[in-house]
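Novice: So the chains spell out like this:
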Amino acid sequence: MMENQSSNKAEILFSRQDRRKESAFQKTILLSALAVVVLFATIFLSLVLSSFPSIEAFGLSFFYSKTWDPVSKTFGSLPFLLGTLLTSFLALLICLPFSLAISVFIGEYFTKGLLSSFLKNVTELLAGIPSVIYGFWALFVLVPIVRNFETKLGVLPYGVGILTASLILSVMIVPYAASIGREVIALVPADIKEAAYALGATRREVITKVVLPYARSGITAGILLALGRALGETMAVTMVIGNSNILPHSLFSPGNTMASVIANEFTEATHRLHVSSLMEIGLLLFLVTAIINILGRYVIKKVSVEA
Amino acid sequence: MDRSRLTLRLLKDRVFKVIVIFLCFLSMVPLFLILSYIVKNGLASLNWEFFVEIPKPVGEKGGGIVNAIVGSFLLVIVASLPSIPLGIAAGVYLSEHRGGKVAYLGRLAADVLQGTPSIVIGIIAYLWIVVTMKGFSALSGGIALGIMMLPVIVRATEETLKLIPDALKEASLALGVPYYRTMLKVVLPASVSGITTGVLISIARVAGETAPLLFTAFGNAFMNWNIIKPVNALPLLIYNYATSPYPEWHRVAWGASCVLVGFVLALNLMVRIIVGRWKVQF
Amino acid sequence: MFHAQSRARTVDLLGGGATFPYPLYSKMFYVYWKATGIKVNYQPIGSGGGQRQIITRTVDFGGSDAFMSDDALAKAPAEILHIPTCLGAVVVTYHLPGRPELKFTRSLIADIFLGKITRWNDKRIGEINPDIKLPEMDILVVHRSDGSGTTFVFTDYLSKVNEEWDTRVGRGKAVNWPTGVGAKGNPGVTGLIKHLPGAIGYVELGYALLERMPVALLQNRAGRFIRPNSASTSVAANIPLPVDTRISLTDTLSPDGYPVSSFTWILAYKEQAYRKRSMEKAKELAKLLWWMTHEGQQYAESLYYAPLPDEAVRKAEELIKSISYDGKPILE
Numbered sequence: 003m004m005e006n007q008s009s010n011k012a013e014i015l016f017s018r019q020d021r022r023k024e025s026a027f028q029k030t031i032l033l034s035a036l037a038v039v040v041l042f043a044t045i046f047l048s049l050v051l052s053s054f055p056s057i058e059a060f061g062l063s064f065f066y067s068k069t070w071d072p073v074s075k076t077f078g079s080l081p082f083l084l085g086t087l088l089t090s091f092l093a094l095l096i097c098l099p100f101s102l103a104i105s106v107f108i109g110e111y112f113t114k115g116l117l118s119s120f121l122k123n124v125t126e127l128l129a130g131i132p133s134v135i136y137g138f139w140a141l142f143v144l145v146p147i148v149r150n151f152e153t154k155l156g157v158l159p160y161g162v163g164i165l166t167a168s169l170i171l172s173v174m175i176v177p178y179a180a181s182i183g184r185e186v187i188a189l190v191p192a193d194i195k196e197a198a199y200a201l202g203a204t205r206r207e208v209i210t211k212v213v214l215p216y217a218r219s220g221i222t223a224g225i226l227l228a229l230g231r232a233l234g235e236t237m238a239v240t241m242v243i244g245n246s247n248i249l250p251h252s253l254f255s256p257g258n259t260m261a262s263v264i265a266n267e268f269t270e271a272t273h274r275l276h277v278s279s280l281m282e283i284g285l286l287l288f289l290v291t292a293i294i295n296i297l298g299r300y301v302i303k304k305v306s307v308e309a
Numbered sequence: 002m003d004r005s006r007l008t009l010r011l012l013k014d015r016v017f018k019v020i021v022i023f024l025c026f027l028s029m030v031p032l033f034l035i036l037s038y039i040v041k042n043g044l045a046s047l048n049w050e051f052f053v054e055i056p057k058p059v060g061e062k063g064g065g066i067v068n069a070i071v072g073s074f075l076l077v078i079v080a081s082l083p084s085i086p087l088g089i090a091a092g093v094y095l096s097e098h099r100g101g102k103v104a105y106l107g108r109l110a111a112d113v114l115q116g117t118p119s120i121v122i123g124i125i126a127y128l129w130i131v132v133t134m135k136g137f138s139a140l141s142g143g144i145a146l147g148i149m150m151l152p153v154i155v156r157a158t159e160e161t162l163k164l165i166p167d168a169l170k171e172a173s174l175a176l177g178v179p180y181y182r183t184m185l186k187v188v189l190p191a192s193v194s195g196i197t198t199g200v201l202i203s204i205a206r207v208a209g210e211t212a213p214l215l216f217t218a219f220g221n222a223f224m225n226w227n228i229i230k231p232v233n234a235l236p237l238l239i240y241n242y243a244t245s246p247y248p249e250w251h252r253v254a255w256g257a258s259c260v261l262v263g264f265v266l267a268l269n270l271m272v273r274i275i276v277g278r279w280k281v282q283f
Numbered sequence: 581m582f583h584a585q586s587r588a589r590t591v592d593l594l595g596g597g598a599t600f601p602y603p604l605y606s607k608m609f610y611v612y613w614k615a616t617g618i619k620v621n622y623q624p625i626g627s628g629g630g631q632r633q634i635i636t637r638t639v640d641f642g643g644s645d646a647f648m649s650d651d652a653l654a655k656a657p658a659e660i661l662h663i664p665t666c667l668g669a670v671v672v673t674y675h676l677p678g679r680p681e682l683k684f685t686r687s688l689i690a691d692i693f694l695g696k697i698t699r700w701n702d703k704r705i706g707e708i709n710p711d712i713k714l715p716e717m718d719i720l721v722v723h724r725s726d727g728s729g730t731t732f733v734f735t736d737y738l739s740k741v742n743e744e745w746d747t748r749v750g751r752g753k754a755v756n757w758p759t760g761v762g763a764k765g766n767p768g769v770t771g772l773i774k775h776l777p778g779a780i781g782y783v784e785l786g787y788a789l790l791e792r793m794p795v796a797l798l799q800n801r802a803g804r805f806i807r808p809n810s811a812s813t814s815v816a817a818n819i820p821l822p823v824d825t826r827i828s829l830t831d832t833l834s835p836d837g838y839p840v841s842s843f844t845w846i847l848a849y850k851e852q853a854y855r856k857r858s859m860e861k862a863k864e865l866a867k868l869l870w871w872m873t874h875e876g877q878q879y880a881e882s883l884y885y886a887p888l889p890d891e892a893v894r895k896a897e898e899l900i901k902s903i904s905y906d907g908k909p910i911l912e
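Protein sequence lines correspond, in order, to chains W, E and P. Here our numbering is used: position 107 in the first sequence is 109, and no number is missing along the way. Here our numbering is used: position 54 in the second sequence is 55, and no number is missing along the way. Here our numbering is used: position 46 in the third sequence is 626, and no number is missing along the way.
Be aware that one or more of the hints could be misleading.
What the hints assert, rightly or not - In the DSSO-like style, the derived pairs of lysine-lysine whose C-alpha atoms are separated by at most 30 Å in a straight line are:
# : chain 1 : residue 1 : chain 2 : residue 2
1 : W       : Lys75     : P       : Lys713
2 : W       : Lys211    : E       : Lys18
3 : P       : Lys713    : P       : Lys703
4 : E       : Lys163    : E       : Lys57
5 : P       : Lys614    : P       : Lys683
6 : E       : Lys62     : P       : Lys607
Unchecked claim - Covered stretches of chain W (chain P as the covering partner; in silico rule of three or more C-beta atoms under 8 Å from a C-beta of chain P):
# : stretch
7 : 70-83
8 : 247-256
Stated by the list, open to error - From the derived model, a few chain P residues whose C-beta atoms are all more than 10 Å from chain W:
#  : residue
9  : Arg679
10 : Ala754
11 : Leu789
12 : Ser858
13 : Val893
14 : Lys901
15 : Pro909
The hints are simulated quantities; they were obtained by calculation from the structure and are not laboratory data. Think of the CB as a built atom: it goes at the ideal place given N, C-alpha and C, for glycine as much as any other residue.
Let the hints inform the model, and build the full structure from the sequences given.
Specialist: Right under this line is the structure:
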């Protein structure tokens, strides 16, 4: 804008000092934005470089080998990929009804008022509780409950395992899955809702057949956000998942996720290949969460275009 | 219309509403369970000694968590010093450049960074700082936390600035104020509430993080104000004590959890107050 | 040797490693701080962590109950000394109603951890423990999730007494456990066993006794079932020691010795003038090590460790005296 002015005008309007400060300002903010990009790029590069020994040694077998053995120095990450997928998707499944209910409650039934702001606050507080405290509580309260349940089922009553980790994870991601959905639901245009009411639809029918389909991109974005969070969650999971490097064969088995195995073994992996394999898992985690994030952004962009 | 079908539909409508309300109610239960559990078990530990003493050796009664509180404080300071100015500056750039390669990449980078698991940030901080410095330190932990704070501040700044009407900026420019002064003296002050809430939210988020500290801050049995030395932190202490077999340590962990949750809640409250009071209305 | 308030300019020392001796070290370092003002910050990150961090020189000393292998020592940037600080026993502890004292034979204990025996009321356990009413519960194995010297000692014993274990799993600070759940550190394993009825695991003696958990009598090479305590641990160390004190005490020849005993060591560099370390710091480290192997020993027994036998102390003294700064020995 200003740059299009002729240089004469610029000389009249701004002193040389101002122009210097102006360009310094522009440079600073540009460099800051670039710094963020550079930070991201160097994180990626560092992960790739330090994974190299492991990539070289194991190649693709890293992803389908189920043996993680520090003694024989063979490292395959399948148990952790499986553990991560199981816990994250199970957690998502469990949290979905609750998150949808919250979105519908705040977005449709009680958009204003005491009840709505109360629920909003509670949901935000849920998101704010540190993960280690979730783990602490799960260790002392959830684990005995799951253990009793397992005893009744006749399964090995460890109490810790994939199921327990999924349970605490689901509590933690409810706010994330609900977050975007509730706003999008509130933004559904009144006229299409009124059209449905005019045709004689009940509230529930309007919600399930008009509002939710309309808001599905926002809801999907929220789900992706929650998934990303679940995939990378470390502390609460590592405290209740049982820390076993064997392939989990049931929901009640102990296991490990990509995040928890790094937390467990990183400080002491002495062998170069062990460290590198852990870094490769870190790289994988970084890539997967990045892809989910980008997917989520894409969905959100579609939402804002629609709205 | 068929009477019975109508009744069925009305019934479904009612049931649906009840289910939604029930599920919402259920989803709030864990929060109250957790908070009440922590308060019930931790309140007893909160005395004067708790806040001024360092931990006692294993198995001995008494002691406190002052070194963890100080450590957490140090870490947040170290994290904030680079990330706040950098984040605000980057946010300004992004808000001023809707299109363009750098802006696009910047937004992408910020979003991906925000979603990156904290354990990955932890191993990066280990690679970059602990290995280079050949030692664990509050500095490395602080930088890990700073990397996590950065994207939150960037986005909060950008979003807040986008809400400032162009009219304000243009009025200042029309009066002959140079662009950079317009931003610094007019636009940014108008967005103080939004930016501050972004900062407070990012602090609340990193204050409770444990994973990035596992390989960086390392932990310390004693008090330490030196940022190039290892330091203890509230989440680290809670993690170590909660997974131990000693009942005395469990009590300390609950007490520390009270302190940590209290701090996070206080920050949340501050955010609410700021949004309520300071927000500049247009 | 010390005066109580030497606060002129305090040096602090940083250590990390084994959780095995952590209760003893935390006591020792607290006492040492009160007496000398020197802060020794020791973090229980596991023996694996201790070895890794001393190799990368991010700590002043490491703690490990698995001595470093010849390979590992060869790869280290300089010579690392193993200074023994006390003896401990790795015990098998479990969570059963009534807290019975069980006996396990050599093959029995291996089979349990191999996952071949899965019920507490299994015939084979009953045979060895005829007076005990064993409950109808599942056996839940708990092992370490982190790199651990305690694991090394225990798997070393299992490898020596059971061929299947030796070939299938082997010995190491971290192994591919055939069954069970993992917990972090000796405290984590103890804590988890306390939470889980039917659980069985291996921890350092002090952890089990401090939490009043039952410990098993294990069968040693002479065929006797030995109760782990300070005395039987000391007896296990009654064998000639090599100069560098790197020796495994498991499956000891000593007829009354507890078969899963172990030294725990402090790992430190022989030549302390590396990476701009000050003479002062090196001196304080040597003084600390001397104190730990002499005055510090008085705290061992009350925490269920065994103090170093005389021969070990003598060897430790030689090693500490060989610590040098720029080639010159630090302590006279």
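Novice: Would the hint linking Lys614(P) and Lys683(P) be met if the CA-CA limit is 30 Å?
Specialist: The hint is violated at about 43 Å.
Novice: Are the Cα atoms of Lys75(W) and Lys713(P) separated by 30 Å or less?
Specialist: violated (43 Å)
Novice: Over 10 Å from every CB of chain W: does Ser858(P) meet that, or does the non-interface label fail?
Specialist: holds (26 Å)
Novice: Does the claim that Leu789(P) lies off the interface hold, with its Cβ farther than 10 Å from every Cβ of chain W?
Specialist: Per Cβ check, Leu789(P) is outside 10 Å of chain W; nearest 23 Å; holds.
Novice: Keeping to a limit of 30 Å between CA atoms, is the pair of Lys62(E) and Lys607(P) held or broken?
Specialist: holds (13 Å)
Novice: With a cut-off of 30 Å on the C-alpha distance, tell me whether Lys211(W) and Lys18(E) pass.
Specialist: Between Lys211(W) and Lys18(E) the Cα gap is close to 15 Å, so the pair holds against 30 Å.
Novice: Per the stated criterion, does the least C-beta distance between Arg679(P) and chain W lie above 10 Å, as a non-interface residue requires?
Specialist: holds (19 Å)
Novice: Between the alpha carbons of Lys713(P) and Lys703(P), is the straight-line distance 30 Å or under?
Specialist: holds (12 Å)
Novice: Does Lys901(P) really sit off the interface, with its C-beta more than 10 Å from all C-beta atoms of chain W?
Specialist: Holds, because the least Cβ-Cβ distance between Lys901(P) and chain W comes to about 29 Å, which exceeds 10 Å.
Novice: Confirm or reject: Pro909(P) is not an interface residue toward chain W, with every Cβ-Cβ distance exceeding 10 Å.
Specialist: Non-interface label stands for Pro909(P): nearest chain W Cβ at 30 Å, farther than 10 Å.
Novice: Counting residues of the stretch 70-83 of chain W that have a beta-carbon nearer than 8 Å to any beta-carbon of chain P, does the count reach 3?
Specialist: Result for this restraint: holds, n = 5.
Novice: Could you check that no beta carbon of chain W comes within 10 Å of the beta carbon of Val893(P)?
Specialist: holds (29 Å)
In this structure, the hints that do not hold are numbers 1, 4, 5, 10, in rising order.
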